[in-house]
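Q: Listed below are the residues making up each chain.
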Amino acid sequence: MRPRTEAELSEMIKGAQALRVQGGGTRRIGHAVGEILDTSGLSGVQLYEPGALTLVALAGTSLAEIEALLATERQRLAFEVPDMRGLLGRKGASTIGGVVAANASGPRRVQLGACRDALLGVRFVDGRGDVIKNGGRVMKNVTGYDLVKLLAGSQGTLGVLSEVSFKVQAVPEACVTLTAARDLPQGLADLRAALGSPYDISGAAWMAGRVMIRLEGMAGSVAYRAERLQDLLGFEAGAADWAAIRDVTAFADKPGAVWKLSIKPTEAAGLIDRLGLEAICDWGGGLIWLLDPSGQSDVRAAVGATGQASLVRALPGMERVPVFPPEPAAIAALTAGLRAKFDPRGIFNPGMMV
Amino acid sequence: MDMPVPNAAVIARKSKLVSRLRSVLPADAVISDPAETRAYECDALTAYRCAPLVAVLPRTTAEVAAVLKICHEEQVPVVPRGSGTSLAGGALPTADCVIIGVARMNAVLETDYDNRFIRVQSGRTNLSVTGAIESDGWFYAPDPSSQLACAIAGNIAMNSGGAHCLKYGVTTNNLLGVTLVQMDGTVVEIGGPWLDAAGIDLLGVICGAEGQLGVVTEATLRILPKPEGARPVLVGFDSNEVAGTCVSDIIKAGILPVAIEFMDRPCIRATEAFAKAGYPDCEALLIIEVEGAESEIAEQLARIKAIAMTHNPVEFREAADEDQAKRIWLGRKSAFGAMGQINDYMCLDGTIPVSSLPYVLRRIGEMSTAYGLDVGNVFHAGDGNMHPLILFDANKPGDLELCEAFGADILKLCVEVGGCLTGEHGVGIEKRDLMSVQFNPVDLEAQLRVKDVFDPGWLLNPAKVFPLDVTAGRRAG
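So the sequence lines, in the order shown, correspond to chains A and B.
Following the working numbering, the numbering of the first sequence begins with 1 at its first residue and continues without gaps.
Following the working numbering, the numbering of the second sequence begins with 1 at its first residue and continues without gaps.
None of these hints come from the bench; they were simulated from the model.
From a predicted model like this one, the values you see are computed outputs, not experimental measurements.
Using N, Cα and C, we set each Cβ at its ideal position, and we do this for glycine too.
Accuracy of the hints is not assured; some may be wrong.
Derived CB-CB ranges, DEER-like [what the hints assert, rightly or not]:
{"hint": "1", "chain 1": "A", "residue 1": "Ala340", "chain 2": "B", "residue 2": "Ala47", "range": "38 to 46 angstroms"}
{"hint": "2", "chain 1": "B", "residue 1": "Asn312", "chain 2": "A", "residue 2": "Ala174", "range": "23 to 31 angstroms"}
{"hint": "3", "chain 1": "B", "residue 1": "Ala12", "chain 2": "A", "residue 2": "Ala340", "range": "31 to 39 angstroms"}
{"hint": "4", "chain 1": "B", "residue 1": "Pro26", "chain 2": "A", "residue 2": "Pro326", "range": "36 to 44 angstroms"}
All chains, full assembly: derive it from the sequences and hints.
A: Spelled out as structure tokens, the structure:
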């Protein structure tokens, strides 16, 4: 099923049974059954106003097309979309709708927020086939309930996105990475010190015995902040592959289960030590990628109440491990209630996020 | 402005309700004497008043849960109230409701600089959140202009913004978690002191839902290290259009000021008469504030000056010292007071695409002539969040209604150019009946269904946000 217009999408949904909603199929995690609903036919940028930092695109527009268009005006999506194809062994082209449905956000989340924070508006089709709009294309909007946030990260379980609008960012003129060899506890302590300084860090990661921070902005400002942080932490200016951190490329060719954790940064070092797993830390220790070669570690028990964990890549035999974090009963009831309201026939990604 | 007819059966059960509430709250936390409940008859939208049946002032989440459980069993509507500073009537009571005021819940529960968050009870005022951490070099970014008085609970309900959200975002971008008490008394924890909450984004929809989905009793807020310094410049122009273009050029150049404020001539003149800040008498002025160390401030201001100069400003005024910086902000900060000296005013907050600024200002001017009511414009230009202040005389019969009609036309204009009814104040009762201008029935129904899930009986702040005819069937049920 591959609709080319919002009206076609609506008609198809009205007559559909179980659907696996898919953009480019590059970042889906979790189990879902049903016929594939491919949204990539809903393609095209509808509006781009560089002077207002605003972009509106149909949900199936490829991420590459959007990034190329923004680049012509030296602008970009601030939240630095991860490319999960290597890690998950996928092919295809990411769509902007898929990015939103996954709330996919890279290293700059620590400074400028996630995909959901840059998302200004959505149009989507619910399980009845009704076309619903929420939000818009202005920076500040508190008119009615914020279904924009609700749809971002909902993994296609509440509706099928047909159009999304974003606040975009001007590419800063300068970007510097500072780095040093550090063990994990010291590295994370350094990241906390950097993020606790007024020097406006746009990336804070630790990988393979090296800690790295990124500074972006006007040239003089970046030079000033780099100097202060070098004095404070003893880091050196150097190269760092932020895309490799963003895309978790180090785990792509290594066998094993991969977990993604969002936790309190101060818990990271102890947690990783207790589990004894290879780790990549982003967001100053707030985001942890763990590689579990055997798939036997009880990662969720180790995380406990200090955050939450998703199983991004599973090994055979892990089918019974929930991909998304299990929810307390009262929260699960709210989630189930919302899904039943937006998708009363239960046709969108059945089995996903449960 | 219509409000639902109070439920006489609920009012008739007042004494039973009060005795049940007294059984779960300290004596001083239940206010039922009509002479005292009048203190809660309105918020900052003072044109509308109605004393509640009862007001309660709990101190803990458990007390809030006990109150809600009782109200749920008794089928009594509940209106949550932070500090009562809503400009939209978000905390306006009905005669058959219980006001839950969180003002006594103002404690700091946890401060954690390593993990960059603070957890507070929701009645704590916005400014006192920063007050608790600023001596250690930290701050909480959202800064609504009522920040001295307004509560975090109300900030979350309205997803409040402020002058500095151009750089730091609004409440929803700085909120990590909440403790929410549902209408039936169920307490849920959503999110926490980590960046991504699990599951679908319930936190995102609770923020900005105007107290209709639950009562937030505690909040985990993201905090930031204070910048090393900040400084404003003032730029005057002889046309609104040129000022608007200058804003757009600054944003497009990739400079990110923390604030870009705009005032038009009526507002400048009123402000000068009142505060004597020494503003130039021009058609439009911008106040642009940048942050950072001294060298960073100089770098940004030089770039801004270069852009501004291409638009031939009538004045480009830099602040040589702290005193001059204060004088640049003085007029802007006095603007509402200055307009209030002239007459009663109504403050709107529709938001528009920045590119529509000159057109919208011109149309507002034309409407002002047609309605015979003066209007001044002062607003957050960087994000298109307008604040037209319409002057009227509350003592003159028909003037309020005329002003409301003018206001409605301005908001319709905002929607027409691709904007929205409200950028930071919320819908409340004030813009409730205009929701159908921005949303079709299907769009509204999707929002109502969210409330159906959280509050199936429609008891929480039920007469707000949505047109009454749209919600009639649900509220009656």
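Q: If a hint holds in the structure, say so; if it does not, say that too.
A: Here is what the structure says about each hint:
1. Ala340(A) <-> Ala47(B): 38 to 46 angstroms: Check passed, 40 angstroms falls within 38 to 46 angstroms.
2. Asn312(B) <-> Ala174(A): 23 to 31 angstroms: holds (30 angstroms)
3. Ala12(B) <-> Ala340(A): 31 to 39 angstroms: Holds: the Cβ-Cβ distance is about 36 angstroms, inside 31 to 39 angstroms.
4. Pro26(B) <-> Pro326(A): 36 to 44 angstroms: Holds, since Pro26(B) and Pro326(A) (Cβ atoms, about 38 angstroms apart) stay within the stated range.
Hint check: no violations occur; every hint is consistent with the structure.
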